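Trainee: So you can see what is in the structure, the chains are spelled out below.
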Amino acid sequence: MDRRIFLKVTAVTGAGTTLASCDAPVHQLVRFIPEETHVPGVAEWKPGVCPICQAGCGVLVRVMEGDAEVVRNGHAGVVAMGLAKKLEGNPEHPINRGALCARGQAAVQLTYHPDRLTRPRKRVGARGSGQFKDVSWEDAIAELLSKLEALIAAERRSALAFLGTPGASARADLVDEFLTRFGARPAARFELFDNDVLRRANELSFGRYQLPTFDLDQARLVLSLGADFLGTWNSPVSQGAAYGQMRQGRVGIRGRLIQVEPRMSQTGANADEWLPARPGTEGILALGLARVVMSENLRPAAGAGRAGALVDGWPAGLLDYTPEQVEKRTGVAAARVERLARQLANERPSVVIIGGAPLAHTNGLASALAVNALNALLGSVGEPGGVSFMPQVGRTNPPASRPALQMLLADLLSSERSPIDVLLLDGGVNPVFGSPQAWRTREALLKVPFIVSFAPFLDETSALADLVLPDHGFLEGWDERRPESGARVAVRTVAAPALRPLFDTRATADVLMEVGRRLGRPLELPWQTFEEMLASTFETVPETPEGDGWTVAKRHGGWWGAPATSAPVVRPRASTGEPPTPTPQRVGDPQFIGDQAAFPYHFLPYASQAFLDGSVAHLPWLQELPDVISTAMWSTWVELNPKTAARLEIRQGDLVEVTSPHGALRAPALVSPGLAPDVVAMPVGQGHEQFTRYASGRGANPVNILAPTAEPVTGALAWAATRVKIARISDPDGSLIMMAGSLHEHPEGGRD
Amino acid sequence: MGLFVAAIACSAGVGCRRAELPAPEATAVFTPAHATVGAALRDFFNIRPSVVQPFPFPHKTHAEKKLGCTEYCHEAVTQGPRAGLPSVSTCMGCHEWVATDRPRIQELMSHAKRGLDFTWARVYAYPAQSHVRFHHAAHVRKDIACATCHGPIEQQGVAERNVDVNMGFCVNCHTAKGAPNECVTCHY
Amino acid sequence: MAYKWGMAVDLDRCTGCEACVIACGAENNIPTVGPTEAARGRAMPWIRVERYWEGEFPDVRLKFRPVLCQQCDNAPCEPVCPTYASHHTEDGLNAQVYNRCIGTRYCANACPYTVRFFNFFNPTWDKPLHLQLNPDVSVREVGVAEKCTFCVQRINAAKTEARADGTNIKDGDLQTACAQSCPARAIVFGDLNDPDSEVSRLSRSPRGSLLLEEVGTKPKVTYLSRQSQA
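These protein sequence lines map, in sequence, to chains A, B and C.
Sequential numbering of the first sequence, starting at 1, is according to the numbering used here.
Sequential numbering of the second sequence, starting at 753, is according to the numbering used here.
Sequential numbering of the third sequence, starting at 941, is according to the numbering used here.
Okay, chain A solo, but in the shape it has when bound (with noise of 0.2 Å):
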């Protein structure tokens, strides 16, 4: 046989496995004619924006030739393209200056996952199964435009919808604008940890709808009621480096931080001294403080402004938070509380974080409020060292709260007929995941008729669409985030596609833009394509002697600087139908689902330090990453405090049932010093039903078993608010996994 008849049938029938030391003189596969050139073994490093969480921080994306396996017109082959080999924190960025967390550095396993989506799909099996056949895009666009066209025709332009995860970014612009011209229902975002009873409390004490940016660096005392500043919540890498500055960064002056929370967080550990208090008694601890403060003059009362208004009793003197009273409310000591009144007093400047759980109550807005006052107070807002609000530039998209998510659930399950016709749901958003079962998130979605994913993978919502319409993974495509907070100038970290697409996958913002051009009646987007809308909003940015705005952000991987207008972020009044003036809150006991008596423990699920609400539980380096606190990987678990599980005999690693007044679940014991007696928690990441061959099937959700309890004003899910019961089940099953060797590490003399 001729060699090269060999060659071409060998090419075709492909091969499965491509070995290191392939050294048979006939390669299987065909060579395509590479497209770009790079010089081999050599890195360009091209700017990047981290998808991860809300952050926005800024990466420098290391980009080397390699040879990848692709199929060009039918024919599989393999053709030299520039890889992307690693992600590293762009030193110029203000928000993350030059560092990365462990999930933006694990985010490169994003673009390469095995089970990424490549083509657009349509199903074929039931809804859910998994079942999906292989559509091209001209079919796959055709059929959506019909379904918008039906929409169109029979007057019902509003039942078009759009889920999405919240942050500001010329793509939720795009969004909103093509919903808009439509006529269709406004964008509903959804993210489980989302802060807006934060940002509603800001908004309230000091008119900027918006997460808080904290000047570590400059602090001298840092009290941290329950934020996991240091490990998921905010920001968590800004906050990171201002905290190595606090601590190290300045000759002779040391920061110091005291965190008060149930359970000891990643943060918590770093604490020079660590308060545990009663679950939800946060925002009570903060008016004691304010009381102090205010009794002994330490600052003057009226240094509190708006802020200290919006506190019921303020004027007064916080009459009803004596340190007595306060230890009764909350378990700290009052002498505690005084000796942490006068300190924050004296050593200025001083501020105070409220995060994570403590506004996850249904006094969470009046917590969060009381922290502001407090902060106000302390002459800590605006000034260095103290709390401060990040300009904002752009058309900013106040994150759309919470409700808009609960309003639609509550529109289909109420109606016969569903209100909604045609359902998009953007990439990464999660609610069948990440929502409490008790909000029939799944059995509403699955009334809307036609849904259509834009997801790169599937998950327990993407999976129930009738059409995906897979987006280009993040470095495949254009890419721009606003963040809120995290530096004290404005940002907007932008990044031009660092690689070639490696499927047949198209940017979900250019589709749309198609959509919105091939309908009968064109919506008239002003841009043709995403590329265009980008450098479009970049036409206001000055030029420099460096270049234009535009060619100058895509370079650097962003702008920043001082804006020339700053708009606060303003949440449309007409979303919600709250008074416009506020009455003064007083901070309430928090309430909890589920009698004392049959369900005695509160129930914590926090954000995991390697899946944060769960989005990036299918990375595999994650899930090898054995949790600090922990060390358990590839797996769930439920933490007892060790007194506890003596009392109910359970020892590490026994199976256990967690019982709720809404559902029950079954996870490996895991007796851990750092938490309240009354306390279970749990890591929120794990327990997918589908989610890539790494995280489906494994472990438990704490969040299917939450209870739909709610701050009264925002309407957001009070997650902490739940109280369950425990049982042994029986010894342990293998399915935790720990790296240290046992709980207690007998430090040998020497070490630290």
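It is worth saying that the hints were derived from the structure and are not from the lab.
As the structure is a prediction and not an experimental result, all values here were calculated from the model.
There may be inaccurate statements among the hints.
[Claimed, not checked] In silico contact screen, one side only, chain C against chain A (beta carbon under 7 Å); selected entries: (1) G965; (2) A966; (3) F997; (4) L1002.
A virtual CB, placed ideally from N, CA and C, is assigned to each residue, including glycine.
Got chain A; can you put chains B and C on it based on the hints?
Mentor: Just chains B and C now, kept in the frame of chain A:
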């Protein structure tokens, strides 16, 4: 005997893939394992069959046209660790109009039109498990001629393996020129 | 004068975030072993963050310590290696030469810091995850031991560039992957033979101590203790 072969196979890392992670359907996997015992043994003893190229590229013809090694085809050699091979688009830079009547050039043009590159076989290579890295630019900057390690390729058709570039060859030159002989200079 | 690579880890800055762990894994082609092998203790993080509990609720304390190869000047892993795969370089590194390694595991046995890992089987990457592999770092096969190399690929690249420019490596230009990613700047890497380098300055800190110093390994990682002010 079978056990012995199996033991050799296992220690040579043949096809020992742990089915750790659930793999639906036929999952393609990258691994340093060898596909067969034969492949493992050949790698271990550095036995490489003589190279057969998919296309008879004549270095001599091009060298006579004064096209230096590093000018158009192997330019990466002055910039980084790897010399690189030109793609068919580089050839077409000239051959879109040069010698287009020759059957070989027409074969080249046909490849270009179909977007296919040549699957060149490596002539100079090291066994994978020697974990050795060669940095071209560092050597080219010291004015070491290409022919020193690659033989007189400019007088050849397709490249021939004339020089046995084994560790002794490298170490002798390093010793003579005062270059580092520390293992991790090249093996890391 | 030859370089002497060393590191300083400031435990007062370290937050336990483990950015260093993933950054190292991404840079150095560390395989994911999966849950079964991880349960057998065969995960191989070249850097790990150890945590130590002290006390009982409510007076609990939790301390973090990133642990990696200490590149000991009196390394116990070197004299036990029968093939010179584990040996000391002029730059002060404990080198691991994979092609010399025959897998006796005496080095991992001798190391008091448990920072050496053995490939009990060939690692696998579900395609196309392998496209992320760093071409500057070897992919280790079954039967060889591996450990932190202080990112020797970066050291070699920096030396090659410096030689081309005719200069020395400037302090701060060369960073290990862990140091580069750390948000709190807790890890500092550099030349201990340069008295003005930041790592030299930190290694002289009164807060500095060496891990298991009494064992006599002469580790080159200085840990700056966590301060506490009650």
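Trainee: State for each hint whether it applies.
Mentor: Status of each hint after checking the structure:
1. Given hint, G965 of chain C at the interface with chain A, holds; its Cβ is 6 Å from that chain's nearest Cβ, closer than 7 Å.
2. Contact between A966 of chain C and chain A, as hinted, is supported at the beta carbon level, the nearest pair being about 5 Å apart and thus within 7 Å.
3. Satisfaction of the interface hint for F997 of chain C is found here, the shortest Cβ-Cβ separation to chain A being roughly 6 Å, below the 7 Å cut-off.
4. Annotation: L1002 of chain C was flagged as interfacial toward chain A, and the flag holds, the nearest CB pair being 4 Å apart, inside 7 Å.
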